[in-house]
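Participant: Each chain is listed here by its residues.
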Amino acid sequence: MMFIMPILQLIIIPLAADYEIKHLSISVIDQDHSTYSKRLTSKLTSSGYFRLVQYDNSYSKALENVGNGKTDLILTIPAHFERDLIKENKATLALAADAVSNTKAGLGSSFATQIINDFNNEIREEWIRLPRFNDLPQIQITNVNWYNPHIDYHLFMVPGILAILVTMVGSFLASLNIVSEKEIGTIEQINVTPIKKHEFILGKLIPFWVLGMISVTMGMLVAFAIFRIIPQGSYLLIYLFSGVYLLSVLGIGLLLSTFSDSQQQATLFAFFFMMVFVLMSGLYTPIDSMPTWAKVIAYCNPPMYFVKVIRSIFIKGSGFTDMLPEFGAIVVFAIFFNLLAILNYRKRSA
Amino acid sequence: MSSVIIENITKTYEKGIVKALDNVSFEVKSGELFGLIGADGAGKTTLFRILTTLLIPDSGKATVAGFDVIKDLKQIRQIVGYMPGKFSLYQDLSIEENLNFFATVFGTTVEENFELIRDIYVQIEPFKKRLAGKLSGGMKQKLALCCALIHEPKVLFLDEPTTGVDPVSRKEFWEMLGRLKERGITIIVSTPYMDEAKLCDRIALIQNSKILDVDTLEGILTKNKQNLFAVSSDNMYQLLKDLRAYTDAVSCFAFGQHHHLQVKTPTSSDEKLRAYLAHRNHTNVSIETINPDIEDTFIKLMQDA
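So the sequence lines, in the order shown, correspond to chains A and B. So that you can map any letter, position 235 of the first sequence is 235 in the working numbering, and since no number is skipped, the others follow by simple counting. Start counting at 1 in the second sequence, then tack on 350, and there's your number in the working numbering.
No wet-lab data here; the hints were simulated from the structure. Positions of the beta carbon are idealized from the N, C-alpha and C atoms, including for glycine. Keep in mind that a hint or two might mislead.
[To be verified] The following label-pair restraints were derived from C-beta to C-beta distances: (1) 4/A / 365/B: 24 to 32 Å; (2) 284/A / 478/B: 50 to 58 Å; (3) 346/A / 525/B: 43 to 51 Å; (4) 461/B / 199/A: 39 to 47 Å; (5) 331/A / 468/B: 49 to 57 Å; (6) 575/B / 268/A: 41 to 49 Å.
Construct all of the structure, not just a fragment, from the sequences and the given hints.
Facilitator: Dropping the structure here:
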């Protein structure tokens, strides 16, 4: 149970939570019916990003389609598009996007703009007809995506989700375990024994540390088996970071357990912290684009460092020296949370 | 020599609003089987938790085997055995595993002190592979006692060990306590059952966070001599009301098949009472002079307090 759930998540989430926008629905309102308008339309649909759902000259029908969710983008090609373009050297197009889904609208219109620009260049080249020597200075931009040449979304998400899963196993299972001892009353019996505080806490840390390491291993196996993702960096480094990171999340778990008296309470705590952990970790949204105050929170968020580290090792193959600052941060977290947990754990009450 | 000394212990909860123990003082002699008798919520568990160093009292002083419960908690934890009222062993470990675990925690082995628990352990040994959570109530208590004894404690605290246990197991349990006492272990046991008081060397009656009296059972009974009649008739409910209205009555409570009536004037004659009840149209009246037992005494002390 403990392993199956995270592994299912690791399999399902990267497949489902995909940022790559494909098959956006587009309505083309062609009021020109010229060669160029047809060429532009076929260029859009052949790009693979767009699926043509409507091709006619009724704008009101297109709006209706947006209303009932059938189409995401409307491209209006006005009458005399071809003529204006050739004669007057410019023509206008209207692009409207359904902005209910922010990312869809943003990405969709930028894809469309890019394609239209491309189309524009093509036309110009055709009309200029091989100049004697460039009388038209041009800057050509070539993109190279380092480390992830095909912008494979899975390569980016799988290591990140793996990091979050380790966080969950580490912090919340440990905290629930101690709180359940409080609930059942076994902690009472333990408290009257001469067992030392640090012995008790170590006894709780070690099994969950081992479980955490096993879940890292299983996560990497799943990453390979399902997504064919193999870390570029060293396995040893992954285990080193996971080991230290687990200590710090276990510390958080222990601290949570000293604050809660029932499993419900601990679960609520866990739920709250999990939201912060996931959303402030840079897993979905880049830290760099956050406002300053949110960045401060993110820098206090241990999973942020681990997500970064695991991604670097998996995708870039970073070495230990590249990640010294992150390593330092994780070590500080580990010491800080465990110390706080030990100080806050009381064998007797006032 | 006193094994446990409690002086003016006061403990409140909820920032002083709820009083759990109010200026409690008594001593338990070494090697004694001491009973703490009181109703639910009287403060028994709070006192136990203070003596086993789990709780810090608001004020007052207590020592266990010469160690202070506030300062010397480490030493106390080595030498006391505590069996909480709620079963609190690991339900997902077997009998054997629980025993081994607690032996290890105390830095000893089951073999080392097996003599001490042999009598009890043989009764649960056939089920030693069974998980503690799957045991019956009586067996759970026996296992808990084994675990509390495994490090050969000098003082044993048992919080309501027989609550919810069948009568046969209760009897067996008290026999075991008797044998442990012979080995020189000081035992403090709390119970809401008055009939278990006679099995203790001395008892403390506790009610509403106060100690009512501490003495041997006989001592308490002789100190609190009462003039008691056990009365019954055909209409018991009406009888109770009439007896309470009787001019000479101090109190009257239902005790099983009879009502126990305490009267002010010491008399062995029941003539007046008989006449009164006849006047009230009670039929089939039976009146007996009785010696008060612990329950009568407890009720009297409660009323006096």
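Participant: Take the hints in turn and mark each one as holding or not.
Facilitator: Status of each hint after checking the structure:
1. The beta-carbon spacing between residue 4/A and residue 365/B, approximately 47 Å, falls outside the hinted interval of 24 to 32 Å.
2. The beta-carbon spacing between residue 284/A and residue 478/B, approximately 53 Å, falls within the hinted interval of 50 to 58 Å.
3. Roughly 38 Å separates the CB atoms of residue 346/A and residue 525/B, a value that falls outside the hinted 43 to 51 Å.
4. The hint said 39 to 47 Å for the Cβ distance between residue 461/B and residue 199/A, and at roughly 23 Å that hint is violated.
5. Judged by the Cβ atoms, the range 49 to 57 Å given for residue 331/A and residue 468/B holds: they are separated by roughly 51 Å.
6. Evaluation of the 41 to 49 Å hint for residue 575/B and residue 268/A yields a failure: the beta carbon distance comes to about 59 Å.
Of the numbered hints listed earlier, those contradicted by the structure are 1, 3, 4 and 6.
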